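Residues -21 to -1, 1 to 190 in mature numbering (1 follows the signal peptide of the UniProt record, and there is no 0) are what the sequence shown spells out, letter by letter.
It is worth saying that the hints were derived from the structure and are not from the lab.
As the structure is a computational prediction, the values presented were derived from the model and not from experiment.
C-beta: ideal position from N, C-alpha, C; glycine also.
Please note that the accuracy of each hint is not assured.
[Unchecked claim] With beta-carbon atoms standing in for the labels, derived distance ranges: (1) D83 with K129: 19 to 25 angstroms; (2) T62 with D83: 19 to 25 angstroms; (3) E20 with K129: 16 to 22 angstroms; (4) V27 with T132: 15 to 21 angstroms; (5) H72 with Q102: 23 to 29 angstroms; (6) V27 with I58: 42 to 48 angstroms.
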Amino acid sequence: MKKYHLILITLLLSYSSYLFAQADKEKNVRECTLILESNFEVTGYSTVAGGDKKIPFLFEYKGDHAEKIETKGRLQHEILDLTNSSLQLKVNHFKSGNFIMDKDFYKMLKYKDYPQISVDFKQIGWHRNEDQKAEIIKLKISLDIAGVKKEYTFDIEPAEVQNRSFHFTSTQQINIRDFGLIPPKKMMGMVVVQDEVDIMIDLKGKLELND
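The task is simple: from the sequences and hints, build the whole structure.
Structural data, given as structure tokens:
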């Protein structure tokens, strides 16, 4: 009987320790509000058939990107998990300054069927690099392009972080074929658009801890 009592006491102590650990973990979680302001650019590259020199072309987002979006989140140990932080970008608000290039770009993105690109900010994490001298921000986002959703992590170093406010610019290369998109060919295939494009995000944010 004593043996069973010892087993029962051990189980109770283990469960109590688990509950205290969970309670301590919850104490470190803060509900918060994040106000974001963003800007986007897409840089593509083309080559002449038979050549290896990449010629860049830039599309800047000219829509209502400057409008602030307010999202809720949970902050724990310098990791901020976000909810309801989706931003809708209108495809035809990306402009290169060249009407024909814009038209080809919209066609490639299947604009008529998918007039918007969805950017979902999922998580922001603050870290230190290996020598502990510089702040690193990892931004996890989800991109929904032409009905296909992919997740990416942007690494930013250094970042401007002060008084729960931050501002950074980062670029991530993606392959447009991952979204089922086919790069256009011009001049009977003499000019070829590359599969990889660079997406630049310029993001400003302010974190407000809720009481």
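Cross-check of the supplied hints:
Between D83 and K129 the beta carbons are some 22 angstroms apart, a value that agrees with the proposed interval 19 to 25 angstroms. For the pair T62 and D83, the beta carbons lie near 37 angstroms from each other, so the given range of 19 to 25 angstroms is not met. A C-beta distance of roughly 19 angstroms is found between E20 and K129, which places it inside the suggested range of 16 to 22 angstroms. The beta-carbon spacing between V27 and T132, approximately 34 angstroms, falls outside the hinted interval of 15 to 21 angstroms.
Distance hint check for H72 and Q102: the Cβ-Cβ separation is about 26 angstroms, which falls inside the suggested range of 23 to 29 angstroms. Against the hinted window of 42 to 48 angstroms, the Cβ-Cβ separation of V27 and I58 comes to about 46 angstroms, which satisfies the hint.
Of the hints listed earlier, those the structure fails to meet are numbers 2 and 4, in rising order.
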